[in-house]
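Asks: Here is how the chains run, residue by residue.
There are 2 protein chains.
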Amino acid sequence: MSQPVRIGIAGLGTVGAGTVKLLRAHAELLAQRSGRALHVIAASARDLKKDRGLDLSGIRLESDPLALARASDIDVIVEVIGGSDGIARAVIETAIANGKHVVTANKALLALHGSAIAQQAEAKGVILAFEAAVAGGIPIIKVLREGLVGNRVRRLYGILNGTCNYILTTMRESGREFADVLAEAQKLGYAEADPGFDIDGIDAAHKLALLTAVAFGRPVDFSGVYIEGIRKVGAHDIRFAEELDCRIKLLGLARETPHGIEQRVHPCLVPKNAPIASVDGVLNAVAVEGDFVGPTVFEGRGAGAGPTASAVVADLVDVARGHGLPAFVLPAARLSATPGSPIDRHRGAYYLRLMVLDRPGVIADVTAALRDEQVSLESMLQHGRARGPDDTVPVVLTTHETEEAAMQRALKRIAGLAAMREAPTLIRIEDL
Amino acid sequence: MSQPVRIGIAGLGTVGAGTVKLLRAHAELLAQRSGRALHVIAASARDLKKDRGLDLSGIRLESDPLALARASDIDVIVEVIGGSDGIARAVIETAIANGKHVVTANKALLALHGSAIAQQAEAKGVILAFEAAVAGGIPIIKVLREGLVGNRVRRLYGILNGTCNYILTTMRESGREFADVLAEAQKLGYAEADPGFDIDGIDAAHKLALLTAVAFGRPVDFSGVYIEGIRKVGAHDIRFAEELDCRIKLLGLARETPHGIEQRVHPCLVPKNAPIASVDGVLNAVAVEGDFVGPTVFEGRGAGAGPTASAVVADLVDVARGHGLPAFVLPAARLSATPGSPIDRHRGAYYLRLMVLDRPGVIADVTAALRDEQVSLESMLQHGRARGPDDTVPVVLTTHETEEAAMQRALKRIAGLAAMREAPTLIRIEDL
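Just so you know, the sequences run in chain order A and B.
Reading the first sequence from the start, the letters are residues 8 to 439 in this note's numbering.
Reading the second sequence from the start, the letters are residues 8 to 439 in this note's numbering.
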């Protein structure tokens, strides 16, 4: 058996501690499977005295993660500190500069600086691996870079944020409103005290930007992702979706269009019988459509110590086996220059919920606004009648495929109608 | 860029032709992704004159596949002739003996002779890759050997035969009987004229034996797979399953038990809300439960030129990248000696359908037989009443978890009761 792989773990939070636990629990198995032992030589944490219920014997503890990144007795740094800049970035850049491989779970950092870091790794001839950054334990990066390597990807989409999926699932099962379910999710620990990062779609967009780069072989382009969160999805919408034989999911989607690569994160109406529609609770799933393989779906836990450690260790075993690849499949110089396609050029069908005063002529005004923009109606649903002259009723319209820009112009005019009592809710309908 | 990979394709049937098409369509993309060009140097086919609608220019054609396996200008042989012995086996063994890597889609051959062939490849230091042998385009071999390498697998199960899944799905959707749906599937080309290989579970068992070897790191043990096909599943059973909030699927399952590794292929009642329950038609899916990653599911097309070629090419790219691994993850000498656990020791719940004369005392006799074997009843369902003294009615009993041997003893006694007019139908209920 060859020399052991000498590992330094920067950060002993949930993922770092989970990784140490896995490497200890399966030390012998992993050595057999890798052909080399995986040794944790050193680790760093802000608070070295904290009891993590973890056996750290034989592991050198450092309070400065940069000391790990520079240590001469370490081959690979596992960066699980988190954060898109600051110390996490310094640790990765220092490790690469010192000729060490890097395994990271840091989606925010890679979404913002991934192309530069990948170039730095390429120049130094070290591996930059990030399976744990996207969809937890689902080995989707490996699937895209290797398992489906023979395909040109036409489209991919996924449930990439467990918090949003949990909230939307609970809203559907309980009929309750968003704010109420969010508060409960916060109490249960499924949502952060400051939930914006998850529920406003940022986290899903970080992950989508990485998936898009890998699947389409282009530089990471987080600023090219159109992002909407789930705050505006109401109990009304969940019910109407049901009536339309659909479910509402926050998806990250990327696809080839005639105008370039489209990247979007927003709530979607998806047909109830699409495989991804029944992925509920905190699960994640990614669907990939390749030109030869056809449609595929990969599902599993998207977060938590075990699944994330599983992904980190898969990357470490690749390092041990000497199976390195360019971070985004192709060397930086060969990445595709296909432009991004802006949301205005998106084409699709739409769901539009209006809260209107129940007066004659309102629907005529709404449909005229749509007609003037060449948006063609598919269906109209209304629940109940108003109980008084100032009471509103929800009306839902769905459209055939049209262009986003036209839809937005119509929406603006509709929002300005006198009978409109709340801002209209627009949700894109996906043809999955 | 390094030297091209020189490929010989033995067999130009659906998969071989699909592989040539893919390699031509994506030649440049694959060269970039692999770092080496993938050149088809030569191919063999029984009938070299047949029009395959395929551009074979620049490819040397041989009528003898063994000539490919011996050719000095070929680095890797793609064996897509098929068959568990005979020429396919000779091609693979000759190729390995001549120091060539082998990529094959041949599940039957590997299920029966995989351990010996893997040892031969190991001794010669060449790669034996077989992603295309299991679940078509789903990269499940890679997922098990690499993506989930950090886990001890607790259980895996899958829909591994598209023909059976198509028949069961159509029976459910149409309410028709097995024989009728099979005849239609044969007309549509979804089932072979001689359908036994698929519908008797042999094909699924070949694939399960390979999955088990990879997931549990033990020699391939096809003879250890308990096999039942779907011929005995009736329209009655599909309806009763629905009533029990279940669906009937032909699954291949492998799991750790206190008695060893259990391998089974048979029709199963699975809860309607299990992810695998909604995998319909000719799709395949494999679920893997790892101790760190938790439950995962991978879904896609299980057969056809495109998906299978996608898997073959993924293996070729691994060869090009120099990413070789032992066929069953561990070197032959280190494979696990955990024994197989026979079906008699299986523990689970059961569904039992009886066609009985509607006379007093029949159910008392049946339940007494179960009681005497300590089999505890969970529910009883009956549809309709007999229209005359010689008319039978279906009665369904479901049991709590019990041991297979006890259930079989009870079944034997029940089958011998005077009121029993057909052999009872026993279907295992899986807790997914």
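These aren't lab readings, by the way, just hints derived from the structure by calculation.
Check the hints yourself; a few may be wrong.
Because identical chains share one entry, a pair is satisfied inside a single copy or across any pair of copies.
[Claimed, not checked] Computed list of lysine to aspartate or glutamate pairs in EDC-like fashion (alpha-carbon distance at most 20 Å, straight line):
#1 K57 x E263
#2 K279 x E249
#3 K131 x E191
#4 K194 x E385
#5 K28 x D298
#6 K279 x D351
#7 K419 x D82
#8 K28 x E296
#9 K239 x D372
#10 K279 x E380
#11 K419 x E235
#12 K279 x D54
#13 K279 x D252
Asks: Tell me, in ascending order, the numbers of any earlier hints that this structure violates.
Replies: 1, 3, 4, 6, 7, 9, 10, 12
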